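Visitor: Chains as they are written, first to last, in numbering that gives the first Met the number 0: chain R, 0 to 98; chain D, 0 to 98; chain S, 0 to 98; chain Z, 0 to 98.
Source of the hints: derived by calculation from the structure; they are not laboratory data.
Be aware that a few hints might be false.
Below, simulated DSS-like cross-link-like pairs (lysine-lysine); rule was C-alpha separation at most 30 Å, straight line [to be verified]:
{"#": "1", "chain 1": "Z", "residue 1": "K36", "chain 2": "S", "residue 2": "K36"}
{"#": "2", "chain 1": "D", "residue 1": "K90", "chain 2": "D", "residue 2": "K13"}
{"#": "3", "chain 1": "Z", "residue 1": "K36", "chain 2": "R", "residue 2": "K90"}
{"#": "4", "chain 1": "S", "residue 1": "K36", "chain 2": "Z", "residue 2": "K30"}
{"#": "5", "chain 1": "Z", "residue 1": "K30", "chain 2": "S", "residue 2": "K79"}
{"#": "6", "chain 1": "S", "residue 1": "K90", "chain 2": "S", "residue 2": "K63"}
{"#": "7", "chain 1": "D", "residue 1": "K90", "chain 2": "R", "residue 2": "K36"}
{"#": "8", "chain 1": "Z", "residue 1": "K13", "chain 2": "S", "residue 2": "K13"}
{"#": "9", "chain 1": "D", "residue 1": "K63", "chain 2": "D", "residue 2": "K95"}
{"#": "10", "chain 1": "S", "residue 1": "K30", "chain 2": "S", "residue 2": "K90"}
{"#": "11", "chain 1": "R", "residue 1": "K64", "chain 2": "R", "residue 2": "K79"}
{"#": "12", "chain 1": "Z", "residue 1": "K79", "chain 2": "Z", "residue 2": "K64"}
{"#": "13", "chain 1": "D", "residue 1": "K63", "chain 2": "S", "residue 2": "K13"}
Where chain Z lies over chain S, by a calculated footprint (3+ residues, C-beta under 8 Å) [unchecked claim]:
{"#": "14", "stretch": "30–39"}
{"#": "15", "stretch": "46–56"}
{"#": "16", "stretch": "62–76"}
Small disclaimer: the values here were computed from a predicted structure and weren't measured.
Ideal Cβ positions, reconstructed from N, Cα and C, are used throughout, including at glycine.
Number of protein chains: 4
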Amino acid sequence: MSVIIDLAVFPMDKGTSLSPYVAEMVNIIKKSNLPYKFGPMGTSIEGEWNEVMALVNQCFEGLKKDCDRIYMTIKADYRKGVSGRIEGKLKSVENKLGE
Amino acid sequence: MSVIIDLAVFPMDKGTSLSPYVAEMVNIIKKSNLPYKFGPMGTSIEGEWNEVMALVNQCFEGLKKDCDRIYMTIKADYRKGVSGRIEGKLKSVENKLGE
Amino acid sequence: MSVIIDLAVFPMDKGTSLSPYVAEMVNIIKKSNLPYKFGPMGTSIEGEWNEVMALVNQCFEGLKKDCDRIYMTIKADYRKGVSGRIEGKLKSVENKLGE
Amino acid sequence: MSVIIDLAVFPMDKGTSLSPYVAEMVNIIKKSNLPYKFGPMGTSIEGEWNEVMALVNQCFEGLKKDCDRIYMTIKADYRKGVSGRIEGKLKSVENKLGE
Chain R
0 MSVIIDLAVF PMDKGTSLSP YVAEMVNIIK KSNLPYKFGP MGTSIEGEWN EVMALVNQCF
60 EGLKKDCDRI YMTIKADYRK GVSGRIEGKL KSVENKLGE
Chain D
0 MSVIIDLAVF PMDKGTSLSP YVAEMVNIIK KSNLPYKFGP MGTSIEGEWN EVMALVNQCF
60 EGLKKDCDRI YMTIKADYRK GVSGRIEGKL KSVENKLGE
Chain S
0 MSVIIDLAVF PMDKGTSLSP YVAEMVNIIK KSNLPYKFGP MGTSIEGEWN EVMALVNQCF
60 EGLKKDCDRI YMTIKADYRK GVSGRIEGKL KSVENKLGE
Chain Z
0 MSVIIDLAVF PMDKGTSLSP YVAEMVNIIK KSNLPYKFGP MGTSIEGEWN EVMALVNQCF
60 EGLKKDCDRI YMTIKADYRK GVSGRIEGKL KSVENKLGE
């Protein structure tokens, strides 16, 4: 569970109403049972590198069935031997926030 | 309020304990009074283009005081005349999620 | 000249033939007289933070005239007091490449 | 050959002299024989989805041997049935550039 990625993926050939495609991606992510956090600009997913990248593949293959052009951005943060980071990173920062 | 950005910014010359720097950024973002959502891989911020970019500047200037090397990623999604999108985008997708 | 950004910006409401819009962005970047390197997935631009961000603004404002939805990604790498980095970073890596 | 990615990957626990690590990544990319273009903020690589993602894996595994914390960004642009795009995208824009 040493990687968190932020994944954003959308079709470029389907106009501007993208929520059905994003919902399809989130459904695929939910089925993986990996910890995730859905956000307005991307979804954070935590797991081992291979698990997380297998899920990226599934998202891409799912979208490819219907779409001829797809844009994707991934940010990945790997930290050896540390897990529970989706919650841990948030708490670590929140503890340091001033009033 | 037509832009949402996802902002991630961190020093590259301070080792791997980055939460104090991230907390400083989140404090700057909170003071702006723009709607935001803090996540494990970045913070989403909503506003007019000029407001949001002014805040990016403030974050950069804040970090520059202490850091000699800084990495930043921004994803921006502009949609003319649509606001309340931090919540709106999330709800729009959530309504389409299957069980 | 201490910042390099990688900038990618395109309309999301104009279908998949995006080269006219990308060409418009590159023309704006050329007029700035900042060093730049145009690539298949984005354009690298070097300058002081304020110069580079002013150019990002111009690109956004140029595209906004014609487009109702715009997606942008920026990666920025700031290194205090170092310039000539578009060429310098490339050479520094090339010198270390094996055969 | 329908995908181009822009790949940037670097250790976060090795200070700010990153060119040896970047050179190692570029060596791995060269050995793949996929078309690529090395830039100051990332490397563009073209191939089929599976080829390109296998190469991302190799880069990650290569870096993981020496590094306890790694940051990676990927932008991917998939276009069904179109190849030669590293050169094609550049030419398509260059043809439209004004003076």
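Visitor: Work down the list of hints and note, for each, if the structure agrees.
Guide: Against the structure, the hints come out as follows:
no. : hint             : verdict
1   : Z/K36 with S/K36 : holds (12 Å)
2   : D/K90 with D/K13 : violated (38 Å)
3   : Z/K36 with R/K90 : violated (40 Å)
4   : S/K36 with Z/K30 : holds (25 Å)
5   : Z/K30 with S/K79 : violated (34 Å)
6   : S/K90 with S/K63 : violated (37 Å)
7   : D/K90 with R/K36 : holds (14 Å)
8   : Z/K13 with S/K13 : violated (43 Å)
9   : D/K63 with D/K95 : violated (42 Å)
10  : S/K30 with S/K90 : holds (26 Å)
11  : R/K64 with R/K79 : violated (35 Å)
12  : Z/K79 with Z/K64 : violated (35 Å)
13  : D/K63 with S/K13 : violated (38 Å)
14  : 30–39            : holds (count 4)
15  : 46–56            : violated (count 0)
16  : 62–76            : holds (count 3)
Checked against the numbered hints above, the structure breaks hints 2, 3, 5, 6, 8, 9, 11, 12, 13, 15 and satisfies the rest.
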